[in-house]
Amino acid sequence: MPLKFFHTIRLLLTFYKSFFLANLLITGACMVLFWEYGLSIFKVLFWFKLVTLWMVFQFIRAYKSKEFYYYQNLGVSKFVLWATTLGFDFCLFLFLLIQVHKLNP
Amino acid sequence: MKHELEADSIQLEFGLRPILSDVHIGCETGKITGLLGRNGQGKTCLMRIIYGDLRAAGSSVRFDNRSVMQAFKRPDLLRYLPQFNFIPGSLTVKRIFSDYRMDFGDLEKNFPELGAKYRSAISDLSGGQRRLIEIYIIIRSKSRFALLDEPFSHLMPMQIEKVKEMLLEEKKNKGFLLTDHLYLHITDIADSIYILTDGKTHLAKNDADIISLGYGTPDR
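Taken in order, these protein sequences are the chains called A and B. Sequence positions in the first sequence follow the working numbering and run 1 to 105. Sequence positions in the second sequence follow the working numbering and run 1001 to 1220.
Note that these hints are calculated values from the structure, not bench results. Just so it is clear, the structure is predicted and the values come from calculations on it, not from any experiment.
Each computed SDA-like pair below joins lysine to any residue, with the alpha-carbon atoms no more than 20 Å apart:
(1) LYS1031(B) <-> LEU1168(B)
(2) LYS78(A) <-> ASP1053(B)
(3) LYS1142(B) <-> ARG1095(B)
(4) LYS43(A) <-> LEU92(A)
(5) LYS4(A) <-> PHE1097(B)
(6) LYS66(A) <-> GLN1083(B)
(7) LYS78(A) <-> PHE88(A)
(8) LYS1073(B) <-> THR8(A)
(9) LYS66(A) <-> SER1153(B)
(10) LYS17(A) <-> ASP1099(B)
(11) LYS78(A) <-> TYR1100(B)
(12) LYS1142(B) <-> PHE5(A)
(13) LYS4(A) <-> SER1098(B)
(14) LYS1205(B) <-> TYR1215(B)
(15) LYS1073(B) <-> LEU11(A)
From the derived model, a few chain B residues whose C-beta atoms are all more than 12 Å from chain A:
(16) ASP1022
(17) THR1029
(18) ARG1038
(19) ALA1057
(20) PHE1111
(21) ILE1160
(22) LYS1164
(23) THR1187
(24) ILE1189
(25) THR1197
(26) TYR1215
The following label-pair restraints were derived from C-beta to C-beta distances:
(27) GLY1089(B) <-> PRO2(A): 25 to 31 Å
(28) LEU74(A) <-> LEU1182(B): 27 to 33 Å
(29) PHE20(A) <-> GLY1128(B): 29 to 35 Å
(30) PRO2(A) <-> GLY1127(B): 35 to 41 Å
(31) PHE88(A) <-> LYS1002(B): 41 to 47 Å
Yeah, the Cβ is synthetic: ideal placement off N, Cα and C, and Gly gets one too.
Build the full structure now, drawing on both the sequences and the hints.
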């Protein structure tokens, strides 16, 4: 069981790596804007992040759909791939904005 | 112990155009089942429905008489080789064999030319070599059944013969359902052959049936 868990995590990381950089740049830009404008811009950033996640989802679904069979043949469904990686990415975004808020004097 | 895979009651339409309407196909461990049909008859759709990856208006897919609607969640039961490259290009051959928990030595024994590619990214391999590795992992990795969509199409004749040998050897452990337009290779190794035409499957008993059902040519 732990070995299977490790294998699944490794597959999820491989999939996440295919769009990690784009998402990191978007999160980074949001952090800078949040530092500058504070809570007043939070709502905009929140929706901006959701829209960009949707765009990444559509892009990967269109251009990398063939690769899903690699993961499915290893027992990792599309739903699990998307739910965990996008869920993690959004949580990371919220966590980093909270840290910016705490650090901002 | 013998295991069975059966699919029937499949209804698939694209808009108003019926694709599959009266399908019955069976496959069992220890046997190779061929699926032949002209372009656009729905062979790939049928495989994807069995795999659970494509939703049909109606379908019944059973493993040992137990219904499994999303077989893609059960790689111990079924794996699927699509007709295109499906391994992410950034992965190394070493990583792929680790993911599928397989021994690279056996591949090297059968295909010595791939021996030096162990640490290469799959995207750095030639088209034929890449396809060969994909075919190999689906044929050899542990599962009861495997669906192979056009396994021979991008290989050179010598490799095709090796793949056929592998299939005949591996059928001791699993059941195969395969389709390819290089159909003589299929008739060569298959224990039974279905022809898919006008949305229906027909069990072909001999070469004459393949011709009369509008697929093969009399001069072979």
